[in-house]
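Q: First to last, the protein sequences are chains V and Y. Residue 13 is where the first sequence starts when you use our numbering, and the numbers rise one by one after that. Residue 34 is where the second sequence starts when you use our numbering, and the numbers rise one by one after that.
Careful: at least some of the hints might be erroneous.
For lysine-lysine, the following DSS-like pairs were computed, each having C-alpha atoms within a straight-line distance of at most 30 angstroms [claimed, not checked]:
#1 V:77 <-> V:202
#2 Y:435 <-> V:30
#3 V:77 <-> Y:420
#4 V:137 <-> Y:77
#5 Y:77 <-> Y:166
#6 V:71 <-> Y:420
#7 Y:357 <-> V:112
#8 V:26 <-> Y:384
#9 V:122 <-> Y:97
#10 Y:384 <-> V:112
#11 Y:435 <-> V:130
#12 Y:166 <-> V:122
Quick list of the computed label-pair ranges, beta carbon to beta carbon [claimed, not checked]:
#13 V:122 <-> Y:115: 39 to 47 angstroms
#14 Y:330 <-> V:25: 47 to 55 angstroms
#15 Y:469 <-> V:175: 43 to 51 angstroms
#16 V:133 <-> Y:147: 42 to 50 angstroms
#17 Y:158 <-> V:151: 50 to 58 angstroms
Since the hints were made in silico from the structure, they are not lab data. All figures in this text were calculated on a predicted structure; none of them were measured in a lab. Don't be surprised by glycine CBs; every beta carbon is placed ideally from N, CA and C.
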Amino acid sequence: MISIKNLHASIDGKEILKGFNLEVNAGEVHAIMGPNGSGKSTLASVLAGREDYEVTDGKVVFNNKDLLEMSPEDRAREGLFLAFQYPVEIPGVSNINFLKTAITEIRQYKGLPPLEAKDFLKLVKDKQAMVELQGSLANRSVNEGFSGGEKKRNEIFQMAMLEPSLAILDETDSGLDIDALRIVAGGVNKLRSSNRSFIVITHYQRLLDYIVPDFVHVMYNGQIVKTGTKELALELESKGYDWIKKETEQAI
Amino acid sequence: MNNVSVPHITQSAADHFRLVSASLPGDSKVLELRTNAMERFVAKGFPLKSDEEYKYSGTEKILKDEILWTTEIAPERVIDFDTIRNLHKDALHVFFVNGELIEQASDINALQNKLVICTLKNAAYDHAEVFNKYYGKNVVGFDDAFAQLNTAMACNGLLIHVPEGLIIEKPIQINHIGYANNQSFYQQHHLIIADKGASVNIIENYISNDQSDAYFNNQVNEIFIAENAQVKYYQLQNENKQVVHINATQVHQEQSSYFDTNTITIGSAWLRNNLNIKLNGLHCETHLNGLQILSGQQHVDNHTLVDHQMPHCNSNQLYKGILKDKGTGVFNGKIFVRRDAQKTNAYQSSKNMLMSDDATMNTKPQLEIYADDVKCSHGSSTGQIDKNALFYLRSRALSEDKARTLLLHAFAIEVIEKINIASYRSYIENIIEQRFE
């Protein structure tokens, strides 16, 4: 699905990713955990194509194509989706119109005709139900005046609508109460399939009670320093990140 | 072009006035008013950069050596009136070409059985009492050279008089088609009078033929809104990019009256809007909205003045600009709250988006408040397209162009949504959408 090799990236001359490696196969769920400032969100931004970051070295192959050569929109059309840590409010752009345009663009890229209006509306209705998003929110401006939980649910709603092959969830759990967390995780679980992969970036183990990962990676100082299964997440929850930092520094 | 010729043109205006003044519409009192206006114009001359009110819009750059004060005969046969009608079918249409009414193409007869609508020239004879009573009265206190010049010399334009209690449902769309040669200077002057409890919706649509050269269009609109009357007054300024357009709208509101205006500016090379609202009764409500989308070297200057003279009135202003290339914009909004105007609510907002490094926006909000129990606010912001929003949309598969268009449309829609005539609103939406493509 995606193969990230020796990825180096910096912002304003400061290197954040320092030789990041990860292989994700179809259908797998990988969690990336780590202390603040370890480069988790930078990784998400670089993969989605944010231009503020400069990739200085490395290679990323997504569905057999060179991801780093693609514009952000082409990455999305190829099936990459980023659920933002801080979804952007866009007053005046209706959620529904924007999604309709997005779906049309993706279908056009794949050589498919636009969805019929009734099929689109049915899709909206089904996916809204899936993330328990109120109909009125879908008709409002993108994220405008949404609560934190509504914004995150809207991200998952968009993900459900766009049906990506690889979804990156950037701290989708931050700031969510337990009910919202269950709804968001429930939405993700319904979308899990043998041909869809997830990279779940989180600071806390709690989310992984609901979205059970196949692998857990610990990121520190721009690299993956430890890989395990869901038990590693539990260990991190009880022991914190300091021992990882220590281990890493000793290894150097 | 240098400043030396500005006095020369001022003099040529005065000479022309002497020649034609006896034949201008109105009685001897109106002629006196015209003569005074001409004297004030000559005393002031065309405004230069040194004039505080024209600081960013000095006329040094736009005045030519010679100006033609007479308008030429309109080549009406080359104009496709039906196409203009079909763009907004829900309105009754009136057509002017180079400032002259084209009566046979207009719906004057359909309108006339309900209200008074006629040219200024006819008004001076057929409705002399009304004409002589109102002409120029709203301009006297407005010390602006262009408005004075127009008031002195104007012989074209419309009298629209809505008698007491009459409600005109269909909007009246006045189409101004410029087809003039270089250096023509045409001036129209409308009198719009809504008597007690009357209601009327007026749209002014300014277009010019693509082949048309640079010309000057200097217009004054006097709007009198009596007690409990309503006027919606919308303008679409869409002349070609060589035209110089100066527009003064002078509004006088009486008790419990309502005024709503929306000015969409996308055309002309150099454009100045003066919008002066006098709230002269209790419980008046007034809404001023404007959107400008500029490109190339366009220059657009919106000057507003809302004069709260009486208590319990509300005024609201929203002006937005999208400036591309080397476009320059000005917003100067003044709110004046007199000592008696307690319980005033007056709000003003100017928001602008610069799309290039060479675009410029000058904003100057001015509040002068002499009453002590009022709510007034103003805000002004000028920025660029939101990069985070742009990336967000692109990460959802929208091309950069499409994302940009969507964001610009979202920015503009706030002003367009305030248009209170549904058919006209969708007409404007279509035009704006084409501008973004």
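Q: Next, verify each hint and record whether it holds.
A: Hint-by-hint comparison with the structure:
1. At roughly 27 angstroms between alpha-carbon atoms, residue 77 (chain V) and residue 202 (chain V) fall within 30 angstroms of each other, so this suggested pair holds.
2. Our distance criterion of 30 angstroms between C-alpha atoms is broken by residue 435 (chain Y) and residue 30 (chain V), whose separation comes to about 35 angstroms.
3. Distance restraint check for residue 77 (chain V) and residue 420 (chain Y): the Cα-Cα separation of roughly 27 angstroms lies within the 30 angstroms cut-off, and the hinted pair is therefore satisfied.
4. For the hint pairing residue 137 (chain V) with residue 77 (chain Y), the CA-to-CA distance comes to about 66 angstroms; that exceeds 30 angstroms, so the pair is violated.
5. Taking the CA atoms of residue 77 (chain Y) and residue 166 (chain Y), the gap is near 26 angstroms; set against the 30 angstroms cutoff, the hint holds.
6. A hinted pair counts as satisfied when its Cα atoms are at most 30 angstroms apart, and residue 71 (chain V) with residue 420 (chain Y) qualifies at roughly 26 angstroms.
7. Restraint check for residue 357 (chain Y) and residue 112 (chain V): the C-alpha separation of about 28 angstroms stays at or below 30 angstroms, so the hint holds.
8. Taking the CA atoms of residue 26 (chain V) and residue 384 (chain Y), the gap is about 35 angstroms. The hint is violated against a cut of 30 angstroms.
9. About 57 angstroms separates the Cα atoms of residue 122 (chain V) and residue 97 (chain Y), which puts this hinted pair outside 30 angstroms; it is violated.
10. Restraint check: the Cα-Cα separation between residue 384 (chain Y) and residue 112 (chain V) comes to about 29 angstroms, which is no more than 30 angstroms; the hinted pair holds.
11. For the given pair, residue 435 (chain Y) sits about 24 angstroms from residue 130 (chain V) by alpha-carbon distance, which is consistent with the 30 angstroms threshold.
12. Between residue 166 (chain Y) and residue 122 (chain V), the direct Cα distance comes to roughly 70 angstroms. Violation of the 30 angstroms bound is thereby established for this hinted pair.
13. A hinted range of 39 to 47 angstroms for the beta carbons of residue 122 (chain V) and residue 115 (chain Y) is consistent with their spacing of about 44 angstroms.
14. In this structure the supplied range 47 to 55 angstroms is violated for residue 330 (chain Y) paired with residue 25 (chain V), their Cβ-Cβ distance being about 38 angstroms.
15. Between residue 469 (chain Y) and residue 175 (chain V) the beta carbons are some 29 angstroms apart, a value that contradicts the proposed interval 43 to 51 angstroms.
16. At roughly 44 angstroms, the beta-carbon separation of residue 133 (chain V) and residue 147 (chain Y) lies within the given 42 to 50 angstroms, and the hint holds.
17. In this structure the hint that residue 158 (chain Y) and residue 151 (chain V) lie 50 to 58 angstroms apart at CB holds, the actual value being about 57 angstroms.
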